[in-house]
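Engineer: Below, each chain spelled out in residue letters.
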Amino acid sequence: KNQVEQSPQSLIILEGKNCTLQCNYTVSPFSNLRWYKQDTGRGPVSLTIMTFSENTKSNGRYTATLDADTKQSSLHITASQLSDSASYICVVTPVDDYKLSFGAGTTVTVRA
Amino acid sequence: DAGVIQSPRHEVTEMGQEVTLRCKPISGHDYLFWYRQTMMRGLELLIYFNNNVPIDDSGMPEDRFSAKMPNASFSTLKIQPSEPRDSAVYFCASRIQGGTGELFFGEGSRLTVL
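These protein sequence lines are chains A and B, in that order.
Residue 78 in the numbering used here sits at position 78 of the first sequence; the count goes up by one each step and never skips.
Position in the second sequence (from 1) plus 1000 gives the number in the numbering used here.
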C-alpha cells in the first residue's frame, strides 16, 4: 500500500522564525508531489508542485524540496507569519492513477 | 469561477436520519472526488467520477453510503441511515483531465451525527 508519512505531527513557532516540515513517501513510480495548505475550517489549497525530476520549487516564503532517490520532500517556511498557521499536507500522485496518497499533515501554529 | 461549491457547510443530525451532501464542481472539470477527513485517518477517498461516471467506489465504507452525479455540474453523497461514526468533514474536489493534476477542493461539509 502506498504510504506518505509526515513529521512532525505538529509544531509551534514564533512569528518571524523559520521552520521545516518533512515528508517521506513510498509511492513509486510517481507523477508529482504537492504540498497543500489547509486553513482551519477550509478546504486544502495547493502550494507547490514538483515532478520527479525537480529538486526545488518556491512560492513566496514557501520552498519545497524533493529528493526522489531517498523519497523525501520538505517544505520550508521562511519568516513565518500568523497567517501561516494551518495544516500542511504532502500529497503524492502515482503514475497513471487518480488515487492520490495523502499524508496525515503537519499542524503549524505561529504565535506572536 | 466561484470554485467548488458544497452544501450544507454544517449538518447536525440524529442517528438513523438520512443525510445528503451536495457538490457543484468547477465548470469544465472532468473529474469529481468525494473525500472524508477525520483527525484519526486524515483525508480518505470515498469515490470518484470521470465525466459523470463512477470509476472507483472502493473507498465507500458501507452500503449506507451512496453517491451520484446526474450531470456535469452536480453530485450528491448520501448516507442512509447515518451513524455517529460517520461524523467527519466531507470534501468534494474536482480537476481537469491531464494538466498538473491539481485538485481543487470545496470548503467541506462538517457532519455531526448525534
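Quick caveat, the hints were computed from the structure, so don't treat them as lab data.
Mixed in with the good hints, there may be bad ones.
[Claimed, not checked] One side only, chain B facing chain A, incomplete, derived with CB under 8 Å:
(1) 1031
(2) 1053
(3) 1054
(4) 1056
(5) 1091
(6) 1106
[What the hints assert, rightly or not] Lysine-lysine pairs mimicking DSS-like chemistry, simulated, CA-CA at most 25 Å apart:
(7) A:71 - A:57
(8) B:1024 - A:71
(9) B:1024 - B:1068
(10) A:71 - A:99
(11) A:57 - A:99
(12) B:1078 - B:1068
(13) A:17 - A:57
(14) A:57 - B:1078
(15) B:1068 - A:99
[Claimed, not checked] Residues on chain B that point at chain A, a partial pick, calculated with CB under 8 Å:
(16) 1042
(17) 1046
(18) 1048
(19) 1099
(20) 1100
(21) 1105
Ideal placement from N, C-alpha and C gives every residue a C-beta, glycine not left out.
Engineer: Run every hint past the structure and note whether it holds.
Structural biologist: Now the hints, each set against the structure:
1. 1031: Check passed: Cβ of residue 1031 (chain B) comes within 7 Å of chain A, closer than 8 Å.
2. 1053: 13 Å, violated
3. 1054: Hint violated; residue 1054 (chain B) Cβ to chain A Cβ min 13 Å, cut 8 Å.
4. 1056: 7 Å, holds
5. 1091: Interface hint status for residue 1091 (chain B): holds (6 Å vs cutoff 8 Å).
6. 1106: At about 5 Å, which falls below the 8 Å cut-off, the nearest Cβ of chain A leaves the hint on residue 1106 (chain B) intact, so it holds.
7. A:71 - A:57: Answer holds: residue 71 (chain A) to residue 57 (chain A) is near 16 Å, not above 25 Å.
8. B:1024 - A:71: 36 Å, violated
9. B:1024 - B:1068: 12 Å, holds
10. A:71 - A:99: Cα-Cα ~19 Å, so holds.
11. A:57 - A:99: This hinted pair holds, its Cα atoms lying about 23 Å apart.
12. B:1078 - B:1068: Cα-Cα ~9 Å, so holds.
13. A:17 - A:57: 20 Å, holds
14. A:57 - B:1078: 39 Å, violated
15. B:1068 - A:99: 19 Å, holds
16. 1042: 4 Å, holds
17. 1046: Hint violated; residue 1046 (chain B) Cβ to chain A Cβ min 11 Å, cut 8 Å.
18. 1048: 6 Å, holds
19. 1099: Status violated, d = 10 Å.
20. 1100: Constraint on residue 1100 (chain B) satisfied, holds at 6 Å.
21. 1105: Nearest chain A Cβ about 3 Å off; hint holds.
Hints 2, 3, 8, 14, 17, 19 from the earlier list are contradicted by this structure; the remaining hints agree with it.
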